[in-house]
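Peer 1: Chains A and B, in that order, are what the protein sequence lines are.
Whatever position you read off the first sequence (first residue = 1), add 73 for my numbering.
Whatever position you read off the second sequence (first residue = 1), add 73 for my numbering.
Read the hints as simulated data drawn from the structure, not as lab findings.
A few of these clues could be false.
Heads up, the list lumps identical chains together, so a pair's fine if it works in one copy or across two of them.
Result set (SDA-like, lysine to any residue): computed pairs, CA atoms no more than 20 Å apart in a straight line [what the hints assert, rightly or not]:
{"#": "1", "residue 1": "K153", "residue 2": "R279"}
{"#": "2", "residue 1": "K153", "residue 2": "D277"}
{"#": "3", "residue 1": "K323", "residue 2": "D277"}
{"#": "4", "residue 1": "K433", "residue 2": "I420"}
{"#": "5", "residue 1": "K433", "residue 2": "T322"}
{"#": "6", "residue 1": "K266", "residue 2": "R155"}
{"#": "7", "residue 1": "K211", "residue 2": "E423"}
{"#": "8", "residue 1": "K433", "residue 2": "P378"}
{"#": "9", "residue 1": "K153", "residue 2": "R275"}
{"#": "10", "residue 1": "K266", "residue 2": "D235"}
{"#": "11", "residue 1": "K433", "residue 2": "D168"}
{"#": "12", "residue 1": "K266", "residue 2": "A240"}
{"#": "13", "residue 1": "K211", "residue 2": "A421"}
{"#": "14", "residue 1": "K323", "residue 2": "G434"}
{"#": "15", "residue 1": "K266", "residue 2": "D371"}
{"#": "16", "residue 1": "K153", "residue 2": "P390"}
{"#": "17", "residue 1": "K266", "residue 2": "R152"}
{"#": "18", "residue 1": "K153", "residue 2": "E234"}
{"#": "19", "residue 1": "K153", "residue 2": "K266"}
2 protein chains.
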Amino acid sequence: MTNTQPPDTPPAARRRPHVVILGGGFGGLYAARALRTASVDVTVIDRTNHHVFQPLLYQVATAVLAPTDITSPIRHLLRKQRNTVVLMAEVSAIDAARRVVMLAEGTEIAYDYLIVATGSRHSYFGHDAWERDAPGLKSIEDAREIRHRFLGAYERAELTEDATERAALMTFVIVGGGPTGVELAGIIPDVAKRGMVSDFRRIDTRDTRIILLEGGPRVLPTYPEELSAHAQRDLEQLGVEVRVNSLVTKVEPMGVCIGSERIEARTILWAAGNAASPLARSLGVPLDGAGRVIVQPDLSIPGHPELFVVGDLAVYPPQPNGRPVPGVAQGAMQGGRRAAQNIRQRIAGEETAPFVYMNKGDLATIGRYKAIGDLGYARITGRFAWWFWLLLHITYLAGFRNRVSVLLEWAYAYFTYRRGARLITKR
Amino acid sequence: MTNTQPPDTPPAARRRPHVVILGGGFGGLYAARALRTASVDVTVIDRTNHHVFQPLLYQVATAVLAPTDITSPIRHLLRKQRNTVVLMAEVSAIDAARRVVMLAEGTEIAYDYLIVATGSRHSYFGHDAWERDAPGLKSIEDAREIRHRFLGAYERAELTEDATERAALMTFVIVGGGPTGVELAGIIPDVAKRGMVSDFRRIDTRDTRIILLEGGPRVLPTYPEELSAHAQRDLEQLGVEVRVNSLVTKVEPMGVCIGSERIEARTILWAAGNAASPLARSLGVPLDGAGRVIVQPDLSIPGHPELFVVGDLAVYPPQPNGRPVPGVAQGAMQGGRRAAQNIRQRIAGEETAPFVYMNKGDLATIGRYKAIGDLGYARITGRFAWWFWLLLHITYLAGFRNRVSVLLEWAYAYFTYRRGARLITKR
């Protein structure tokens, strides 16, 4: 069954263009919102039922926050937008020539305009087998898996009689010194050294060893050098062993290798690379090495002015300042908004506009009370940067939930180390 | 490796008796607490890392509360009890003759006294294949599985074009009219009719059909008849179809059969029976039909005055009032305390005392704002009973977490329908 409108649209409304949005992350959500007052029918399709506030995912992975603290049903976020239907379904392919999206369960959904915002997964640079031993962090399921391994390691350390095994269980290796790796590495000491000390009898959780491995010459390589150095010092103060120029050559269940050196560790976390969602391949347009779609200046793809790609799935066009657009929430939000705006302009018979990224600043936390930030006009560090980070994140979290209640709930969970979050469940 | 003391106990302390407690539910937790000031070493072993506040599990299953709201790490609950070690491990068998507990990973733990409090799972009365299509509700994993099915049914209903399928997706059959069945059936209308209405476009969640099937002549069969009738009326007012004398003869992926009648439903929940934890069989003592251990008046087992069984795993001795001890949190807590007390008495060279159950009242909620209660001295119903229920549960929840914060957090989550809890994740 194929039609160009959502099936239940009343006949009188059937002349409105149908905009389909794939993905309910920052790109898709902000695109949908930008179409709220447009004279179109919008269908948002996601394989899950929930939007994840990804910048805080590392806190779920380390049991500081609970999965439910940073998720909200997509349909709930868009409930007041009467022109929008949300569907939970797996998209198997896009047929750009016929203008239909194919769902895994067999039906097709036709569109007049399409925004693809399905994001990325982690990349193991050709070593896909490493994923089993070194999970990455993109979804709530990933965060829960890492939380199981993180908490489970301490449980096994408390149980074992073997001192060597105990040390390996209490060693955490994080591969990749970008924002995710730095934030993960920075929060573990705090959880281990404050949250859990009095709970164990046979181990001292303060003995936790955290090793952050970065293949390049410095952590946070996309930040100014001065901030990278600052971040490394802050991490080292927290007890994290930061090793730059350390390219991982092998990942095993019991450790990692850097050339001929081997580090024994039972928990290895991957924060080293991204690969675009495989849906990109079905578009039949040029992709970059990571499988991302090289879009036109207005975010549409060559030959298909009605099809836009935004967020981590897109290689954004060159920016006036010559710098690449970072793969962060801001980039996806702004891309989503631009694509939606361009659809409105096209419907109105106007020219589309090129995407210009407004960098509102890059921020990364180091531990629970420090951060570094590059705001363009200023570079900030330490406690001040952390408060700035907190304010910004609450503002954006609040963007999709009740402002007052989210602040209270989140602050409560964050400052009390929500104990219930330390939950190990079977997979 | 076998020794009679926790391995890391300093030699000076090695003369203290070693009490091993299996299970960190209400029975095990309250037993451990009752040994806090005793001159013994305590080891609590559980297959999970967390205690679950089971009376609220049905609210996690229906996405009113989050898993983290009703769980806490067992080791955190016992952190201040310096004589106690908590281990997360699977126990494969008990060798009562040698006084050792065998862990699945191979090691053995020797004990001087043992308290077995491993509880029960659901029973399908010989139809184990039904479990796949009709999951029960005992653990956080169970609750998450039911939540997935419950929320997923609405997602699929919103997606389908087939009206018959849609109706079957929005039909929920609950098998078993005991407290769990009644509480599950009572809360679904509220979630469906208030929490989710505005989130869907193609379905009206108020069309949800809930059918509660009870094999016997009335719901809540262990309560006085008058309260059963009251509960049934309350449920019917909420729109639940209550069918008594309706014994399920077959469970299928697409529906249930009651004799020759068939009810089409895509979600079937099981709340009909319990079977004891299989560990009971390794004790080599008489069991009842459900596999539970028939204990002596002092909760020890025949021939082993050092081995106690409490909670849902035990058939408690006949009570002075002639009524059976219900399989609820109260029964487990009091049994755990009695077993611990009897161990202290035995160590002091005193006689053990028989277990006498103090019924503080039976309560079941019906929906979000009604309950029925049998307090012995009074029978309560409606709003008043609900407030009583709330007060009681907050008191006990508070018993294992910070009193003020848990009240705030829980009240917040409960009254705002914590939206994040509506989380569907892959298994």
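Peer 1: All hints, please: hold or fail.
Peer 2: Structure-based check of each hint:
1. Proximity of K153 and R279 under a CA criterion of 20 Å is satisfied inter-copy only: 18 Å between copies versus 48 Å inside one chain copy.
2. Taking the shortest Cα distances, K153 and D277 sit within 20 Å of each other only across copies (15 Å), while inside one copy they are farther apart (51 Å).
3. In this assembly of identical chains, K323 and D277 lie within 20 Å of each other by CA distance neither inside one copy nor across copies; the values are 30 Å within and 53 Å between.
4. With identical chains, the CA atoms of K433 and I420 are never at most 20 Å apart, being 30 Å at best within one copy and 69 Å at best between copies.
5. Proximity of K433 to T322 under the C-alpha cut-off of 20 Å is found in neither arrangement, the shortest distances being 36 Å within a copy and 63 Å between copies.
6. Proximity of K266 to R155 under the C-alpha cut-off of 20 Å is restricted to the inter-copy arrangement: shortest distance 19 Å between copies versus 49 Å within a copy.
7. Taking the shortest Cα distances, K211 and E423 never come within 20 Å of each other, neither inside one copy (37 Å) nor across copies (60 Å).
8. When the C-alpha separation of K433 and P378 is checked against a cutoff of 20 Å, the pair qualifies neither within a copy, at 29 Å, nor between copies, at 71 Å.
9. For the identical chains of this complex, K153 and R275 are inter-copy neighbours only, at 14 Å across copies versus 54 Å inside a copy, given an alpha-carbon limit of 20 Å.
10. Proximity of K266 to D235 under the C-alpha cut-off of 20 Å is found in neither arrangement, the shortest distances being 22 Å within a copy and 55 Å between copies.
11. In this homomeric assembly, K433 and D168 never come within 20 Å of each other (Cα to Cα): the closest approach is 36 Å inside a single copy and 65 Å across copies.
12. In this homomeric assembly, K266 and A240 come within 20 Å of each other (Cα to Cα) only inside a single copy, at 16 Å, whereas the closest approach across copies is 53 Å.
13. For the identical chains of this complex, K211 and A421 are neighbours neither inside a copy (37 Å) nor across copies (57 Å), given an alpha-carbon limit of 20 Å.
14. Taking the shortest Cα distances, K323 and G434 never come within 20 Å of each other, neither inside one copy (35 Å) nor across copies (61 Å).
15. Within a single copy, K266 and D371 get their C-alpha atoms no closer than 49 Å, and across copies no closer than 43 Å, so neither meets the 20 Å cut-off.
16. With identical chains, the CA atoms of K153 and P390 are never at most 20 Å apart, being 33 Å at best within one copy and 58 Å at best between copies.
17. In the homo-oligomer, the alpha carbons of K266 and R152 lie at most 20 Å apart only across protomers (15 Å), although the nearest pairing inside one protomer, at 42 Å, exceeds that limit.
18. For a Cα distance limit of 20 Å, the shortest separation of K153 from E234 qualifies neither inside one copy, at 57 Å, nor across copies, at 23 Å.
19. For the identical chains of this complex, K153 and K266 are inter-copy neighbours only, at 17 Å across copies versus 44 Å inside a copy, given an alpha-carbon limit of 20 Å.
Comparing the model with each earlier hint shows violations of hints 3, 4, 5, 7, 8, 10, 11, 13, 14, 15, 16 and 18; every other hint is respected.
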